[in-house]
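Visitor: Chains as they are written, first to last, in my numbering: chain A, 1 to 429; chain B, 1 to 429; chain C, 1 to 429.
Errors might be hidden in some of the hints.
Copies of one chain are not kept apart here, so a pair can be met inside one copy or by any two copies together.
Unchecked claim - Straight-line distance between alpha carbons at most 25 Å, and here's what the computed SDA-like set of lysine to any residue pairs gives:
#1 Lys399 to Lys413
#2 Lys412 to Arg211
#3 Lys413 to Tyr224
#4 Lys412 to Val422
#5 Lys399 to Leu207
#6 Lys413 to Phe155
#7 Lys412 to Gly289
#8 Lys412 to Arg428
#9 Lys291 to Val417
#10 Lys342 to Val389
#11 Lys342 to Phe386
#12 Lys412 to Ala225
#13 Lys291 to Ile397
#14 Lys413 to Ala426
#15 Lys399 to Gly290
#16 Lys340 to Asp408
Because the hints were derived from the structure by calculation, they are not lab data.
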Amino acid sequence: MKKTGMLLLATFSLLFVSPSFAAEVQSTVNPETTFIFNTLLFLICGFLVMFMAPGFAMLECGLVTSKSVASIAAKNIALYSIAGLMFWLCGYNLAYGIPEGGYIGSFSPWSDGTDFANDSYAAGSDWYFQMVFCATTASIVSGTLAERIKIWPFFLFAAVLTGILYPIQMGWQWGGGWLAAKGFSDFAGSTLVHAAGGAAALAGAILLGPRMGRFTKGALTTPYAASSIPLATLGVFVLWFGWFGFNGGSQLALGTFDDAKSISTIFINTNLAACAGVMVNAVITRVIGGKTDVVMMLNGALGGLVAITAEPLAPSPFAAICIGGIGAAIVVIGSSVLEKLKIDDVVGAIPVHLFAGIWGTLAVPITNADTTFATQFLGTFSVVAFMFVVSLGVWFILKSTIGIRTSDEAQKKGTDVAEIGVVAYAIRD
Amino acid sequence: MKKTGMLLLATFSLLFVSPSFAAEVQSTVNPETTFIFNTLLFLICGFLVMFMAPGFAMLECGLVTSKSVASIAAKNIALYSIAGLMFWLCGYNLAYGIPEGGYIGSFSPWSDGTDFANDSYAAGSDWYFQMVFCATTASIVSGTLAERIKIWPFFLFAAVLTGILYPIQMGWQWGGGWLAAKGFSDFAGSTLVHAAGGAAALAGAILLGPRMGRFTKGALTTPYAASSIPLATLGVFVLWFGWFGFNGGSQLALGTFDDAKSISTIFINTNLAACAGVMVNAVITRVIGGKTDVVMMLNGALGGLVAITAEPLAPSPFAAICIGGIGAAIVVIGSSVLEKLKIDDVVGAIPVHLFAGIWGTLAVPITNADTTFATQFLGTFSVVAFMFVVSLGVWFILKSTIGIRTSDEAQKKGTDVAEIGVVAYAIRD
Amino acid sequence: MKKTGMLLLATFSLLFVSPSFAAEVQSTVNPETTFIFNTLLFLICGFLVMFMAPGFAMLECGLVTSKSVASIAAKNIALYSIAGLMFWLCGYNLAYGIPEGGYIGSFSPWSDGTDFANDSYAAGSDWYFQMVFCATTASIVSGTLAERIKIWPFFLFAAVLTGILYPIQMGWQWGGGWLAAKGFSDFAGSTLVHAAGGAAALAGAILLGPRMGRFTKGALTTPYAASSIPLATLGVFVLWFGWFGFNGGSQLALGTFDDAKSISTIFINTNLAACAGVMVNAVITRVIGGKTDVVMMLNGALGGLVAITAEPLAPSPFAAICIGGIGAAIVVIGSSVLEKLKIDDVVGAIPVHLFAGIWGTLAVPITNADTTFATQFLGTFSVVAFMFVVSLGVWFILKSTIGIRTSDEAQKKGTDVAEIGVVAYAIRD
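Same shape as in the complex, but just chain A:
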């Protein structure tokens, strides 16, 4: 019995866990060379993650109706800009100025003055890499609330989110705060970025309410047709591309045999999880609905990517496929649950980022023996609860003061005409 158990465990390990690396060996690389490699990793992975901003923009432009596309474009370029400014103004130091095991850092602008000679990478390259993560969190919120939110209240929320909310909870873990002390593990942010952004989006969607007529006229029908499937597809491909930077850069170093090997493994697992997500949702939608739903395939890719993000290094290729595939299936189920709850998530960001993010974080102990289910649950719960509750408060204040919802008339005309003053696609034969 015991023997069978061990055999099962061994088989399981073989199937699910990446071959363990050799014990860490002293690096033979010159320290200045290591410094350059590490900095280069942050810069390359940083520009890849920066490129996720247009990825989200195109995905959302493609999935909203043609009357709200210019608003989405404006919101996406603004939120990336706001994130850059706010993360400099206070975000970085709120996250990384945290005392060991603590809860919050300090409100102060980031300064590039760190003496780098004693460090293993340029401080600025790390700031850049962390900043684009912060922007990603805000991107997640944008799509859910499309077509009925006023853009300036959204900008204000984005400023609070990127300058204060995201950095605080992120510091709990990556800044060495209390969650890190508890042993929580979230390699590249299934929870700290994705579930956090998804929770903020959920809070907004509840307070904002659904688009006019969205749940009164019955199921999702033509008036809500996605404006451009190719742009949405481009967006997902761009996100996938950027995700190599997102997960790969989270190795945080490139100066040793081990680091180079680890980043390679991360690239492979990240990719396989997304591949599985696409095909799982192709099969599910074909079998259930008769049609192969391309939007669900796109969101399947994202569900797979979000799920593998908490632990892209330890899993075997086969485990990565399983984690990603389940993440994608969760997106299908989650979308249907949200619809039943009459929560209107225009692009499916809540199932993709919140639900698949939770799944990915909870799944870490399956392949990473250094983590426990209890700690993973604690971390996920704390972050999601914090982000949901505080976001709800911020949205509520905005709603009670300047208002967050466009008028029914503006929704009829479209937010583009009402708020931006343009038509997004002016195509004449």
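Position chains B and C against the provided structure of chain A, taking the given hints into account.
Guide: Coordinates of chains B and C only, in the frame set by chain A:
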């Protein structure tokens, strides 16, 4: 006479061949640093090649009619996903598990367990780089068959192509099989990727037949208008961008003076071949048809890129321009030949990848003295014949069993509505 | 008084200037490793800048009317190709073959034959990096003249611009010519690339005249509506992405602690300037016009990027925000001035590249104590005057011979149908 001949040869060399490098010098770089550089090259070039997937997707979305755009989007994200899964499941080991000088490797999943310490790069980074090449081959097939193929039979073909057909013939050369033993040379895959994919597409196009009414109503007319020229343009630019990874990464190393210099030369030649391709086709179409045909310019860029891919290192800049320009002209001629043969290639993938790929491979001996025309012909012929015949068989089996062609009614409604259940562009004023 | 002055200066320095780096220390990196790092920097940053070509293409495709989109696509892929060919044929040697402190290099094709062993990077990687800069200059001209220029005269102008005009003035500074000798400073080309391209565009716009009916029917109205806001947004994001290569690569080296740190700082300042540009224009347009003008936000990002390009290293984050924000405001004012002067700049390239470029170059002494306002003015004035006058001459010759303006009838039908023979968006339900 003899002197004149030598002078001619010298002039020829000066014009066409890159200045020969100094005899290879012992590298002074620390081995661990070399390992990191090589791995980094595979990862960077790998993500560039990965990005060719959306390049193909946008090119094809742009060139098909607006009724088949969502299907093309679905096919492109699916084929990239299928390639990733299949190349893991058996593709890699079929190619690289080949005995020296042999014909086929082994059917087994790839495992990331290689001991890397004795190697000069992370095994995983190589897998990733090779995987994205495999996906490229499948992308080529997608566009040719657009607008009248059922998507699930296409998925099945893509699985066979990426899991079995591509890896087998690729292993003949890059896995150290019989073609490599014969002295065949194909630096980055004019034949192994492009002509191979083009041959599979040709087999499919023949068995599938043309789109309904394509050759009965006379020439290509409005009903077949490209849905979006800007998306097609974006696609080609993205492919061009990715091609730096495709050809540059095929140097396979970045740890020495020579490697860094070689990759730089490859970047330049790759770029010049595409530049020449664009302008040659601009001139040809303007002179012949009176209009400057932007689609032919786009395919000219690709024809130039495909042609230089077999040997992007040895040519002088001027030779690269000639090779690329001729590749583009071949695309114009080839497109017209296909149309006369009533073979319906929606995006021109056969002239671009098969015809220009053959040209590029056969042209290698012009600038690379280590190759012969006979061996280049042998390699090209073997690969094209193998891919064409076996693909024909696979398509035939699919046709005889589940069927590969959508009904005339579905073609009238558009494959998007029939198979995916959406309209690709829902644009309302 | 003196004390207060010094205190003010100190505060000012603290606010505006990046902390000075430690005195340059001898690098400990192996020379071959340095060679590889430097070459890699040129290649990575080069492909990022290459990707600005589709960035410009999408921005312009998005901002012109739907009847001129295919022409813009054709012009953009052609100008990138022409730049590649011409920069090889004579451009590089015109710029870098210049005598020290001189005015012009030599007319001769570039050859890849440099012995690299004594150099600190592969000569080819530098050629590639400089070539994509040259192409950028031509991209700037394309959008301004859209919708009423014949494409072949444009191609000819692009050939002269990229082969002769751009290289001559660029050699004055970066080739070590007379401007460099005077102490002019333009880190990545606010003047040498952006203002230069903008001046050539202005010359063309004046000689070409506005679009038919552009200033007779009153303000900019529906007939000139931007064809696709999402494509324009994508274009700006892609340009922003590419700009990290544009400015980061202009550090020209990655082989030391200092270089790695400097490039990181450049990334941050580049990003913050663009962020500020977006939000400044969001506020301005919302306050003045009542609507949040997304196109002005996009051009605000570009104005910020152009402005920081002359000196992305010395400014503190706060100074970068100020420089970028002012650059964006200049775009708003400049657009309005051009409209009053009845100069028709379809995409706003003149305010973005010429006006913000001048601002950025003149602002260098604020943060870089090694420069003076007088020298900056001399450099900017010389380059802009040279480019404007000579371009005017070239456009005049083209106008007097083959003609540069499409007929009114062709403008009515659209340049796409008239010159390319296609419809750019063929969307049918």
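Visitor: It remains to establish, for every hint, whether it holds in the given structure.
Guide: Now for the hints, and whether the structure bears them out:
1. Lys399 to Lys413: within (22 Å within a copy, 45 Å between copies)
2. Lys412 to Arg211: Cα proximity of Lys412 and Arg211: one copy only (10 Å, versus 34 Å across).
3. Lys413 to Tyr224: Answer is both: 14 Å inside a copy and 20 Å across each meet the 25 Å cutoff.
4. Lys412 to Val422: both (15 Å within a copy, 23 Å between copies)
5. Lys399 to Leu207: Result: close within a single copy only, 8 Å intra versus 53 Å inter.
6. Lys413 to Phe155: Close inside one copy (22 Å), not across copies (41 Å); limit 25 Å.
7. Lys412 to Gly289: between (30 Å within a copy, 22 Å between copies)
8. Lys412 to Arg428: both (22 Å within a copy, 12 Å between copies)
9. Lys291 to Val417: between (34 Å within a copy, 9 Å between copies)
10. Lys342 to Val389: Within one copy only: 20 Å inside, 54 Å across.
11. Lys342 to Phe386: within (23 Å within a copy, 55 Å between copies)
12. Lys412 to Ala225: both (15 Å within a copy, 21 Å between copies)
13. Lys291 to Ile397: between (43 Å within a copy, 24 Å between copies)
14. Lys413 to Ala426: Both: 15 Å inside a copy, 16 Å across copies.
15. Lys399 to Gly290: between (42 Å within a copy, 21 Å between copies)
16. Lys340 to Asp408: within (23 Å within a copy, 38 Å between copies)
In summary, the structure agrees with every hint in the numbered list given earlier.
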